[in-house]
Amino acid sequence: MSGSSPARDRQRWCGLLAGGLAAALALAAVLNGDAGVRRARSDPEAVRLLRAAAEAAGRVPYEGRRFLTTWSRRRPSTTTVSVSHTPGDGTYYEGRAYRSDAGAFWGGASGFTSETLGLLARNYVIVRSADSAVCGRRTRVVEARRGDGSAAGRFWIDSETNLILHRELLDAMGHKVAATGFTEVDLSRRAYSVRAAGPAASPATLWADRLDRAELSDLRHDGWPVPKDLPGRLTLYDARRPEPGGVVHLSYSDGLAAVSVFVQRGALDEDRFTGWQKTVKRGRTVFRRESLQRWAVSAGGGYVYTVLTDAPQSTADAVARGLPHDRPPFWTRVGRGARRLGSWINPFG
Amino acid sequence: MLAHLAGCARCRGEADALRRLKGRLRELAQPPGAADADEIPSGDFLTRLRALGEGAGETTSTQPTRPVRPSGRPARPAPQSRPRDNRPAGRAAAAAGGRPRRRYLAVGAATLFIGLGTASYVAGGGQEPATVTPAFDRFAVEHALTSGDVPLTDPLTDPSEQIPVQAPPEP
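Those sequence lines, one after another, are chains A and B. The opening position of the first sequence corresponds to residue 1 in the working numbering, with each subsequent residue numbered one higher. The opening position of the second sequence corresponds to residue 1001 in the working numbering, with each subsequent residue numbered one higher.
In case anyone wonders, no lab produced these hints; they're calculated from the structure. Hints may contain errors.
[To be verified] Computed list of chain B residues with no C-beta within reach of chain A, every gap over 12 angstroms:
1. LEU1005
2. ARG1010
3. CYS1011
4. ARG1020
5. ARG1026
6. ASP1044
7. THR1047
8. ARG1050
9. ARG1103
10. TYR1104
11. VAL1107
12. ALA1109
13. ALA1119
14. ARG1138
[What the hints assert, rightly or not] Partial chain A-side listing against chain B, Cβ under 7 angstroms, derived:
15. LEU206
16. ALA208
17. ASP238
18. ARG272
19. ARG336
[Unchecked claim] Taking CB as the label site, the calculated pair distances span:
20. LEU1105(B) - SER114(A): 57 to 65 angstroms
21. ARG8(A) - ARG1010(B): 51 to 59 angstroms
22. ARG213(A) - LEU1105(B): 39 to 47 angstroms
23. ASP1137(B) - PRO347(A): 40 to 48 angstroms
24. ALA267(A) - PRO1100(B): 21 to 29 angstroms
Since the structure is predicted, the reported quantities are computational estimates derived from the model, not experimental observations. The C-beta atom is built at its ideal place from N, Cα and C for all residues, glycine as well.
Build the full structure now, drawing on both the sequences and the hints.
Given below as structure tokens:
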């Protein structure tokens, strides 16, 4: 008996060593794969161009017509709107909406924030491509490539002003998923008065209450589902709400595709979803609809999720299906109850 | 008792001493000889001496006594023939009163734990959620503003804006 114990120990150690070696090799393989993406270095000039384009969005005055096209099963849907921008004032959208420059994101209508630019550089290889022309203007083209070298997004940047005139989002097969930009643009006007351009338009403003890290942590403690990451390398980069206790808007991105998740307490009134496609997969119901943008709505665990994105419908569906739908675990519920009891008892709370 | 004395050297020694004392007393009770008449203490002195011994025996009995609780069981005979309890007082007291106290403490803690746990579980549950309808139009604008896109009206949120399919512009 005592003679077999060292042998068993040796076997155990050998097993542990083999397992550790296998784990180290797997980790090295993963890191190596990731490093493979990083090894194909982004072109610093291309990154600089994108940064300059984000800055130009708030600095350059323009007037023109913008479009947004999305493809669903290869069929495009397009909408257009006349637009004019005066730096320091705002952007006017054909009598429908007005967006002030004050309080807008850095990057404005370029589609970039400082956070999403960082995510783009982290998840994709950014390189220059052959120059081209948009609306009769010379443009420099920047391409974001996946690890396998396929193009995931392209940007046409005006050579003179650095304004993004056209951008495209591509799927893994190389098919266009969404495109946005100008069909016509005039960059020659200077002191253009947005307010004098037409009748008063309804202001389009971001929800004021931007949630910082501590507030997000509090929300999570209160049981709100606020994932830091979503499938497809989507990372949370912004969270805000119009007023406390209502709906919370979580913004995710991988640097190219933007996915919004609106979370609100309650149950779903399914009778209101006539005309939507209902899918049930693994016990989870998702209402989906493809129009100009992709929508997916699901509910569970006392919350309703509305997912909106320009990315393919499959992304919206996967996100809606992947969000928490179950009741909170036992100890989470007990902990939340204890905190509530404490706050009720605490006179200073 | 004899069996106990056979095994317990201490009690055996004490019994021997008592036996010797008894023998001495018995000898004292016998009528003295004429020669010893002066050495024998008086009867009054002996009576007082015995009384002193009994009194001392009573005062040394400091064991705590528990009140007798009424019970349906027949009363056990008083442990007169039982040897004196020579165990340390602390351990004896713990054996007598510590266990119930500890039991009360455990039951109280368990009750508190279960009560607080149940209250927390109940308080931690969400209220029955009311049905909600997402505000698609607001959501579309908010999404456009955060993603840097133009806040265009989505045909989903505004059917009057339904766009016919058309060829998208190419760069």
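List in ascending order the numbers of the hints, as given earlier, that are violated by the structure.
-> 13, 14, 16, 24
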